[in-house]
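Enquirer: Going down the list, the protein sequences come from chains Y and V.
Residues in the first sequence are numbered consecutively from 1, following this note's numbering.
Residues in the second sequence are numbered consecutively from 1001, following this note's numbering.
Hints were generated in silico from the structure; no laboratory data involved.
Note that CB positions come from ideal geometry on N, CA and C, so glycine has one too.
It cannot be assumed that every hint is accurate.
[Stated by the list, open to error] Simulated pairs of lysine-lysine, DSBU-like, Cα-Cα distance not exceeding 35 Å: (1) V/K1009 <-> V/K1029; (2) Y/K40 <-> V/K1051; (3) V/K1030 <-> Y/K104; (4) Y/K104 <-> Y/K40; (5) Y/K57 <-> Y/K106; (6) Y/K104 <-> V/K1009; (7) Y/K106 <-> V/K1029; (8) V/K1009 <-> Y/K40; (9) Y/K40 <-> Y/K110; (10) Y/K57 <-> V/K1029.
[As the list claims (entries may be wrong)] Pulled a few chain Y residues facing chain V out of the computed Cβ check, cut under 10 Å: (11) T6; (12) S31; (13) I32; (14) I49; (15) V58; (16) M60; (17) T63; (18) S68; (19) D88; (20) R100; (21) L103; (22) G108; (23) W112; (24) I122; (25) I123; (26) S128.
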Amino acid sequence: MSHYPTIFFILFLIILTSLFDTINQLFLKTSINSLNLNIKSIKDVISFISKLILIPKVWMGFTFCVMSLFCWLFILSKADLNYAFSADSMHYIFIALGSRIFLKEKVGFKRWVGTIFIIVGIILITLSNY
Amino acid sequence: MYKNKLTLKIIFFLISTDILETFTQYCFKKSAIPQSDVFIKSFSDVLIFIKPFIGSGFLWLGLLSTLIAFIIWSSILSKIDLSIAVPIASSSYVLVPLVSIFLLGEEMTWLDWTGIFLIITGVIIVSSSTEKEKIIIP
């Protein structure tokens, strides 16, 4: 019985990892959207990146990225890798919801169906490695 | 001019960020292996743990590949929606098993094949969901 709290704790950490990573992506994408640049050549890429790294939001996102990395390393030291991989499937749901709510992207029926296909596919590949 | 249009070029770059990220993980793991007998109990242990990493070539190689992956990923995000880029980046789940079959001669179960089939179908569906949302910028 004593190991039940740890399983829930690991699950909580897995959700936290996905959440931190999603927040990082949302910060990055809002920063990129605010620049509103059209990249056509390598020169454009250099000016784009040099402008991007001056935006504070990018660095806020980076902090979340580092936190998610530490969470992930902690999970890997405690849990089975296959079990931990369920984090990745949750990530897609958070991204779809976050894009819809915070970025006002049109996540329609088709995109949801495609995302669910991918999630089920990842779970099957993970299961077969047991 | 179309925004949000998903081209083969973008898919190619998405897959290359995935490969770079996998390579980063490999490099970090390689640089961590000599340290596997170190146990972290206090903050000073963390410093002892980190010190040999700085001299490891794998660490810097990993950091370089993260940097390149970040630049490519940001450039992709300037062109397409986040809710499209992230699902399509899942192609690495297909690439790794396929590489293990053809290059390493590993055997696949029917569960693997079903998973690969579902992911490819999902990626195609997500990719095609951009068609309706083309925004024409004059």
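Enquirer: If a hint holds in the structure, say so; if it doesn't, say that too.
Expert: Tested hints:
For a cut-off of 35 Å, the pair hint linking V/K1009 to V/K1029 stands: about 30 Å separates their Cα positions. Only pairs whose Cα atoms come within 35 Å are accepted, and Y/K40 paired with V/K1051 is rejected, the gap being roughly 41 Å. Distance hint between V/K1030 and Y/K104 is unfulfilled; the C-alpha atoms sit about 41 Å from each other, more than 35 Å. Taking the CA atoms of Y/K104 and Y/K40, the gap is about 25 Å. The hint holds against a cut of 35 Å.
The suggested pairing of Y/K57 with Y/K106 holds, with an alpha-carbon distance near 23 Å, which does not exceed 35 Å. Restraint check: the Cα-Cα separation between Y/K104 and V/K1009 comes to about 25 Å, which is no more than 35 Å; the hinted pair holds. The suggested pairing of Y/K106 with V/K1029 is violated, with an alpha-carbon distance near 38 Å, which exceeds 35 Å. This hinted pair checks out: V/K1009 and Y/K40 have alpha carbons roughly 12 Å apart, not beyond 35 Å.
Simply put, Y/K40 and Y/K110 have alpha-carbon atoms about 30 Å apart, close enough for the 35 Å limit, and the pair holds. For the hint linking Y/K57 to V/K1029, the alpha-carbon distance of about 30 Å falls within 35 Å, and the restraint holds. Annotation: interface hint on Y/T6 violated; nearest CB of chain V at approximately 19 Å, more than 10 Å. Checking Y/S31 against chain V by beta carbon gives a least distance of about 9 Å; that is within 10 Å, so the hint holds.
Taking 10 Å as the C-beta contact cut-off toward chain V, the hint placing Y/I32 at the interface holds, the least distance being around 5 Å. Taking 10 Å as the C-beta contact cut-off toward chain V, the hint placing Y/I49 at the interface holds, the least distance being around 6 Å. Interface restraint check for Y/V58: the shortest CB-CB distance to chain V comes to about 9 Å, inside 10 Å, so the restraint holds. Restraint check, Y/M60 versus chain V: the minimum CB separation of about 15 Å is more than 10 Å; hint violated.
Of the supplied interface hints, the one on Y/T63 is violated, with its beta-carbon coming no nearer than about 15 Å to a beta-carbon of chain V, more than 10 Å. Here the hint on Y/S68 is broken, as its CB sits about 14 Å from the closest CB of chain V, past 10 Å. Interface restraint check: Y/D88 against chain V, minimum CB-CB distance 8 Å, threshold 10 Å, status holds. Interface restraint check for Y/R100: the shortest CB-CB distance to chain V comes to about 7 Å, inside 10 Å, so the restraint holds.
A least Cβ separation of about 6 Å between Y/L103 and chain V falls short of the 10 Å threshold, and the interface hint therefore holds. Taking 10 Å as the C-beta cut-off, the interface hint given for Y/G108 holds, the closest approach to chain V being about 6 Å. With its C-beta approaching chain V no nearer than about 9 Å, Y/W112 sits inside the 10 Å limit, and its interface hint holds. At its closest, the beta carbon of Y/I122 sits 6 Å from a beta carbon of chain V; the interface hint therefore holds under the 10 Å criterion.
At a threshold of 10 Å, the smallest CB-CB gap from Y/I123 to chain V is about 8 Å, leaving the interface hint in force. Hint on Y/S128 holds. Least Cβ distance to chain V is approximately 4 Å, under the 10 Å limit.
Of the numbered hints given earlier, the model fails hints 2, 3, 7, 11, 16, 17, 18; all others are met.
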